[in-house]
Amino acid sequence: MKKWQCMVCGFIYDEAHGLPEEGIAPGTRWEDIPENWACPDCGAAKADFEMVEIKAAV
Amino acid sequence: MPPGFFTGDDMHPIVIIGTGLAGYTTARELRKLDKDAPLTLISADDGRFYYKPMLSNAYAQNKTPEQLATQDVAQMQTQLNATILAHARVTSIDAARHTLICEGKALEYSRLVLALGADPMRAPLQGDAADQVLAVNDLADYARLRQALEGGKNVAIIGAGLIGCEFANDLCGVGFTVHVIDPNPAPLNQLLPEAAGAQLRAALMKAGARWHANSNAVSVNRAHDAYLVTLSDGTVLDVDVVLSAIGLKPRVTLAQQSGIKINRGIVTDRYLRTSTPDVYALGDCAEVEGLVLPFVTPIMHAARALAKTLAGTPTPVVYPAMPVVVKTPAYPIVVSPPPADVPGAWQVSESEEGVRALFYDAQQHLHGFALTGKATSEKLALTQQLPPLLA
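If you read the sequences in order, they're chains A and B.
Heads up, the first sequence is in my numbering, so the first residue is 4 and it goes up one at a time.
Heads up, the second sequence is in my numbering, so the first residue is 1060 and it goes up one at a time.
FYI, nobody ran anything at the bench for these hints, they're computed from the structure.
Straight-line distance between alpha carbons at most 25 Å, and here's what the computed PhoX-like set of lysine-lysine pairs gives:
1. 1091(B) / 6(A)
2. 49(A) / 1091(B)
3. 1386(B) / 6(A)
4. 1438(B) / 6(A)
5. 49(A) / 1367(B)
6. 49(A) / 1094(B)
7. 1386(B) / 49(A)
8. 1111(B) / 49(A)
9. 1122(B) / 6(A)
Take a look, some chain A residues computed to stay more than 12 Å from chain B by CB distance:
10. 4
11. 6
12. 17
13. 19
14. 20
15. 28
16. 29
17. 31
18. 33
19. 35
20. 37
Note that CB positions come from ideal geometry on N, CA and C, so glycine has one too.
Same shape as in the complex, but just chain A (with noise of 0.2 Å):
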């Protein structure tokens, strides 16, 4: 499972969490969103969002 971050406001969605409040359920993949789904903090195009990798919170 994979975290992709919002160029634009810092949001992270995390794959294994998915957005279940959006109706995206855990699990669901990066590729599997739709093109016109949008940032839920900020609006950003789901273009605007890159991998990262994120470390374990210490």
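Starting from the known structure of chain A, fit chain B onto it as the hints suggest.
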């Protein structure tokens, strides 16, 4: 190409004045459609990219201005394949000649985008330290606030709107004694029904805020190492920092002096065209079809439409309903304020889950909502029931 859109040659660059979210997002969106069109951005500051909404909740996370700036100007130039003029101000626009004057030099443009932002409104304060009241509107302001808070304990915040409440929550969270001064009985007066505002006030007070409702700050004076803030009810507060957050005023002077029509903001149509050919405006400086919306989501929609127009496909901006999430973790709120011109009334229900306020017109059509606490989970479902703000 319909009449009224650019038909000249592209010898001169598209010029964007402003490198906030509006300017940079327009440039980024344009580059998705046209990788090579000459593009110049002009910035009054250092041109670093940062996400402005973070300024009001970065302090408690101990974020430095450097950490908030995710890209510097050199990175932005490379990413956008653009020329970026930093620390540069535009003093005039000669629309007939498609020329502007920047730092004394003439610069010709094919299309011009005004992404100038807004200035914080200043309360009319008396006293010998009225000019030392801070307002946080950009990264440099945030750096000043951090410095001012160093070693301090007591903060006065003037204004209990979005930014004032977010700062109050953030600073209470790290142990400051925060005095909130607001002329209204409850916070977020322009966005929320009073029942929800009262709950937010209670939560912030529980987090440590001292509330001075129905009052104004009258004067700020220097005393020993602190400031004395006198309120309209005679109360005197002894604080280390005074922060003003009473709203934003679109930057319209440059447009006005250049003969571009202004009202509250720089007036544009659905295509973000100003009254002057080939000059566009968006973001906090703009009044799009009568709407001044100093929030992130409208900027994103406007920038995408404008990028298409600049790339040769005239595209009107469409605004869906755009709920605003208030960054007050002490009391989560999401609100989609009803349009000012829609008559109707709030229907408010309160439970342990939070406040659920729905704004209906006479025909029982939903036009806005405010949700707090656990009720915020209904955001998406309710947003889908709202009509678009600009269809």
